[in-house]
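Following the hints, complete the assembly by docking chain B onto the known chain A.
Protein chains: 2
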Amino acid sequence: MNIPNSKFPRVVIIGGGFAGIQMAKALANKAVQIVLIDKHNYHTFQPLLYQVASGGLEPDSIAYPLRKIIKKHKQTFFRLANVFKLDASRQLITADIGDLSYDYLVIATGTKTNFFGNAAIEKFSMPMKKVPQALNIRSLILQNFEKATIAKNENDRKGFLNFVIVGGGPTGVELAGAIAELKNHILPRDYHDLNRDDMKIHLLEGHERLLPPMSTNASLKAEEFLKALGVEVHCKTIVTNYDGKTVSTNSGHQMEAETLIWAAGVTGAPVDGLEAKSLLERSNRYRVNQFNQIEGYTNIFALGDIAYMETDNYPNGHPQVAQPAIQQGKLLGKNLMRLINKQPLKPFRYNDKGSMATIGRNKAVVDLNNFKFSGVFAWFIWMFIHLMVLVGFRNRVIVFFNWLYSYINFDKAARLIIRPFTKKKAPS
Amino acid sequence: MNIPNSKFPRVVIIGGGFAGIQMAKALANKAVQIVLIDKHNYHTFQPLLYQVASGGLEPDSIAYPLRKIIKKHKQTFFRLANVFKLDASRQLITADIGDLSYDYLVIATGTKTNFFGNAAIEKFSMPMKKVPQALNIRSLILQNFEKATIAKNENDRKGFLNFVIVGGGPTGVELAGAIAELKNHILPRDYHDLNRDDMKIHLLEGHERLLPPMSTNASLKAEEFLKALGVEVHCKTIVTNYDGKTVSTNSGHQMEAETLIWAAGVTGAPVDGLEAKSLLERSNRYRVNQFNQIEGYTNIFALGDIAYMETDNYPNGHPQVAQPAIQQGKLLGKNLMRLINKQPLKPFRYNDKGSMATIGRNKAVVDLNNFKFSGVFAWFIWMFIHLMVLVGFRNRVIVFFNWLYSYINFDKAARLIIRPFTKKKAPS
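Chains as they are written, first to last, in the numbering used here: chain A, 1 to 428; chain B, 1 to 428.
A couple of the hints might just be wrong.
When chains are identical, the list treats them as one kind, so a pair holds in a single copy or across two.
[Unchecked claim] With a cut-off of at most 30 Å between alpha-carbon atoms, the simulated DSS-like pairs for lysine-lysine come out as follows: (1) 30 with 424; (2) 158 with 39; (3) 129 with 39; (4) 30 with 147.
The set of hints was computed from the structure by calculation and includes no laboratory data. Bear in mind that the values here come from a model prediction, so they are computed numbers and not experimental data.
In isolation and in its complexed conformation, chain A is listed as follows (with noise of 0.2 Å):
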């Protein structure tokens, strides 16, 4: 990977996510040699990607070069790779651009879309944890969009028009609440040879409320507020198939959609090469000690979404969100330290600062430990905690002015087809 060899322990970082960029900054300027390796040369601020799929937001809006994220250090490397494999015992990992040793080594690869086992659903369904595949659902959006104008009969025309969206979680519930936005602010005014009442717009989950984590309080709310935009809400629904046409679900219902985004779940996305006994079975996150180190090794870390510790508040780990992965990456930078200097560790300890979601303008629902609302204050507070952890000044000015273009004008701008989507070919 031609990273030159260093008087100082190098420590190899898999992932510029919030737990892999957090680590970096942490470490910058220290005595180590820190190799920084994603995919993409990209951090995504995943929490508004939906924005993106939606017309909202362009991506420079909410994704960061990692080049410039750790380009103070100038012990720190960055390379854009696919690692595939490690060997704990030659202490090396293996990515499509070569090999490289580690003396530490962190995986903070995150999740990846859970299809749990649907090859029909994986194939013709949405997924969005990534910015490429946010575009894509603008592009298909606006696609069918066009394509309903010019459709054949009044049945294509729903099946342009109906966009199903798997998974009552955040992702799920701004995502629907964006789309509502785009049929009652867009469609009328732009579309006026397409009727706003055939445009549905459905969100199924599989619990028995919305947004299972949060408080019921925040599920009726955010149902509440969905419903008053006009989507539909199916609880205990589960989509069993999707032929690229038909949504099929658990309750015998069938739906013409030619749009089924799936936000219905993750699961990690580990590195080959630890013992099997190191990761959890069904969900594919490592196991960690307190100090994030994954069970049976001393030098090998993981962090935020993939790493699964049991703590006395947390027995059965940490909710996959930002902030466990942002303070574990804060605290394994210094812990990092003083396991070089033979110092004690100190554990993790997770400061759960409330979660919330936003619905559409003026609606939002928060869940802090002792106070729980909704509405306009919660769409604000919603909006200033988003501003302040995106990453970089531009971005937040950019983001900013956008909302404010969009709250004004009731408008979502970036409505590019600018790659248009193919849809693999459904049986005809």
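Quick look at chain B alone, frame taken from chain A:
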């Protein structure tokens, strides 16, 4: 195409470039039905494409949804389609989404890249006429930077860092300047494992000076500015071959370069079906009279780049730039209503507002009728004019902020490899 019948005559406009949108706007709320057809769902502000290609702007800053432009006119329809044939005797066009009859037809399809019949260059070089092409160039530049960091030997590294731009018109000059800024400001800061001096930018022009249609003063200044930025300018040089690795020129020169950007010429993109004599042989432009009627037809018009109109002041036709297209579009909007109302038409008189090109921060050349200047003031004029001509308030603000940000930080922030570009395989 599912366009309803109307009591008004139907005007079909093919192409949503400068000419097409001005024409559609000029006809807004007049007693006509307008059908605007384009291959993309957005208008592209081509003069700033080079900033997308060099990571300075995201596409949504310079592209604008066509439906937003025409939404105020109730009798206007947009169709996303590729028109490939027209039948003047039946007054019918044929597109991939079906046929459509017209009362008046406006061809504003512009130009496409001209490879002058060289299949090898067409296969391996990067054109820059469309947003996806500009994004391909952005990806390729950034991918080559990454590949340079892991190059196996010096020769390979130099190939990855050698950028050859063919064509010394405004597009080539502006892109060369922008890539030079990547070399001068981004490489030393974000790629500390690359040696900036290894990066070379070559600008090749067949004529004896850059910016051939502009004043000699502008040409000389542009060359001086480019050289100061480190661009190697080769005039009287024509590329004869490119196999994806090696560029060959008429002077016998050979250069190893993984990137060849082709901005050397355009040719019209006509629609099949009109009599051959209506089309100019070399440039593929429609011969039109002073009312933009295509020779031999009274209800078929050509506008902008694809129209070839000989006038006393412009015996060889108008320059293929934005202004003639804008002015012809506006005039034809009015003339068409005169034609329908059986009033005399007004002939086109081109109001030449001058030409300009920017080379980098604080550097531009401007030719007005009586006033030719360059430097910082020219650069401000260039920015002001481009901001004013840009479609949409939001786009103006976003572009302005991005320019301000880049100016202060010497940065280009949209350096994202979202869709990696895969070069066609060169023979090994």
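| Does the structure break any of the earlier hints, and which numbers would those be? | 1
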